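> In the working numbering, the protein residues as written are 1230 to 1514.
Just so you know, these hints were derived from the structure itself, not from any lab.
Model, not experiment: these values are computed from the prediction.
Note that beta-carbon positions come from the ideal geometry of N, C-alpha and C, so glycine has one too.
A few of these clues could be false.
Quick list of in silico lysine-lysine cross-link-like pairs, DSS-like style, CA-CA up to 27 Å [to be verified]:
#1 K1367 to K1444
#2 K1480 to K1253
#3 K1444 to K1402
#4 K1253 to K1367
#5 K1367 to K1402
#6 K1253 to K1444
#7 K1501 to K1465
#8 K1480 to K1465
#9 K1465 to K1444
#10 K1480 to K1501
#11 K1253 to K1402
#12 K1347 to K1501
#13 K1347 to K1367
#14 K1275 to K1367
#15 K1347 to K1465
#16 K1275 to K1253
#17 K1444 to K1501
For each label pair, taking beta carbons as the anchor points, the in silico distance ranges come out as [said to hold, decoys possible]:
#18 R1296 to E1355: 52 to 62 Å
#19 V1354 to R1428: 53 to 63 Å
#20 E1355 to G1426: 21 to 31 Å
#21 E1355 to Q1395: 38 to 48 Å
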Amino acid sequence: MASAGPRRADIARFREYREYEARKIDANNAMMALLAGAQLAAHLLKLTEGSDHLLPQVFPGVEHIKRFNLRTAQATEILFAADPHLGMMGVPYVLALHEDYLRTCVRLLAGEGLCRAKDARANLVELHGIMENITGYKYSADLIAYIDTLRLMRNCVIHNGGLLSQPLYDQLKSWTPAQELGWEAVAVRNPRHLRLGERLLLGHGEMLAALAFTKRLDRETNLGLQVALPRSCWAKLVVDEVASQHPSLVKDRNQALRKARGVARHHYGVLKLTDAELQSEISLR
1230 MASAGPRRAD IARFREYREY EARKIDANNA MMALLAGAQL AAHLLKLTEG SDHLLPQVFP
1290 GVEHIKRFNL RTAQATEILF AADPHLGMMG VPYVLALHED YLRTCVRLLA GEGLCRAKDA
1350 RANLVELHGI MENITGYKYS ADLIAYIDTL RLMRNCVIHN GGLLSQPLYD QLKSWTPAQE
1410 LGWEAVAVRN PRHLRLGERL LLGHGEMLAA LAFTKRLDRE TNLGLQVALP RSCWAKLVVD
1470 EVASQHPSLV KDRNQALRKA RGVARHHYGV LKLTDAELQS EISLR
């Protein structure tokens, strides 16, 4: 995956896209905070090393501490080993956010009659193919290989007790040498050595891989939308934003145009929407 992919400036940042970006940032911050917090707590507990007291006795002011009713040594061991548990939770979380974003994009296409409404109810395994079929935009083959790998890892965690399944084993064996290097450059750990039925470990590296690869796919999906959605739809999205922020403003067409022009320039700049296109949409309100 030598290319850096689409830049932020290449993206039409419609409202749902920005909301999704914010959720991804929150998820990233929360996962990294939990990971760092576990390590910080483990180091803090070294100050109580050798104590026979239970944690609720040592830290009575900490909320929920009674649920972690252990001695220092046991608690420290658990906290230092938190990484794989956070990975098992974090990777499915990131994939769920990405799946929801793809459904949002397919709903926009369905609203323009470019696909069936039921396509927006498809699952992650189908959604990238649906987007390609509707828009004609082809995702990077490496990214599709990685998202399929992450999806199958998630399935192993949820449906196979965390053990390597035959579909994931086959997927890993299908990687090209370049794909293997690309994965390892992000996730650090290489899962290709695992054998069928072995325990799958997801940790910090896999969380980073999920965040990085979905970010690239998010942006490529956006490029597909730009190709497929008519410009009138983009103008409608801009005016919808103006109307939601200033409901009475659309009655003053000059003021509405000024606001719409600002929103279009700031968030939809790559599309270079014209005043005529925005004014045409405003006139329909």
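> A separate judgement is required for each hint: does it hold in the structure or not?
We went through each hint and held it up to the structure:
no., hint, in the structure
1, K1367 to K1444, "holds (16 Å)"
2, K1480 to K1253, "violated (36 Å)"
3, K1444 to K1402, "holds (25 Å)"
4, K1253 to K1367, "holds (24 Å)"
5, K1367 to K1402, "holds (23 Å)"
6, K1253 to K1444, "holds (9 Å)"
7, K1501 to K1465, "holds (14 Å)"
8, K1480 to K1465, "holds (16 Å)"
9, K1465 to K1444, "holds (26 Å)"
10, K1480 to K1501, "holds (24 Å)"
11, K1253 to K1402, "violated (30 Å)"
12, K1347 to K1501, "violated (32 Å)"
13, K1347 to K1367, "holds (22 Å)"
14, K1275 to K1367, "violated (52 Å)"
15, K1347 to K1465, "holds (23 Å)"
16, K1275 to K1253, "violated (34 Å)"
17, K1444 to K1501, "holds (24 Å)"
18, R1296 to E1355: 52 to 62 Å, "violated (40 Å)"
19, V1354 to R1428: 53 to 63 Å, "violated (24 Å)"
20, E1355 to G1426: 21 to 31 Å, "holds (28 Å)"
21, E1355 to Q1395: 38 to 48 Å, "violated (20 Å)"
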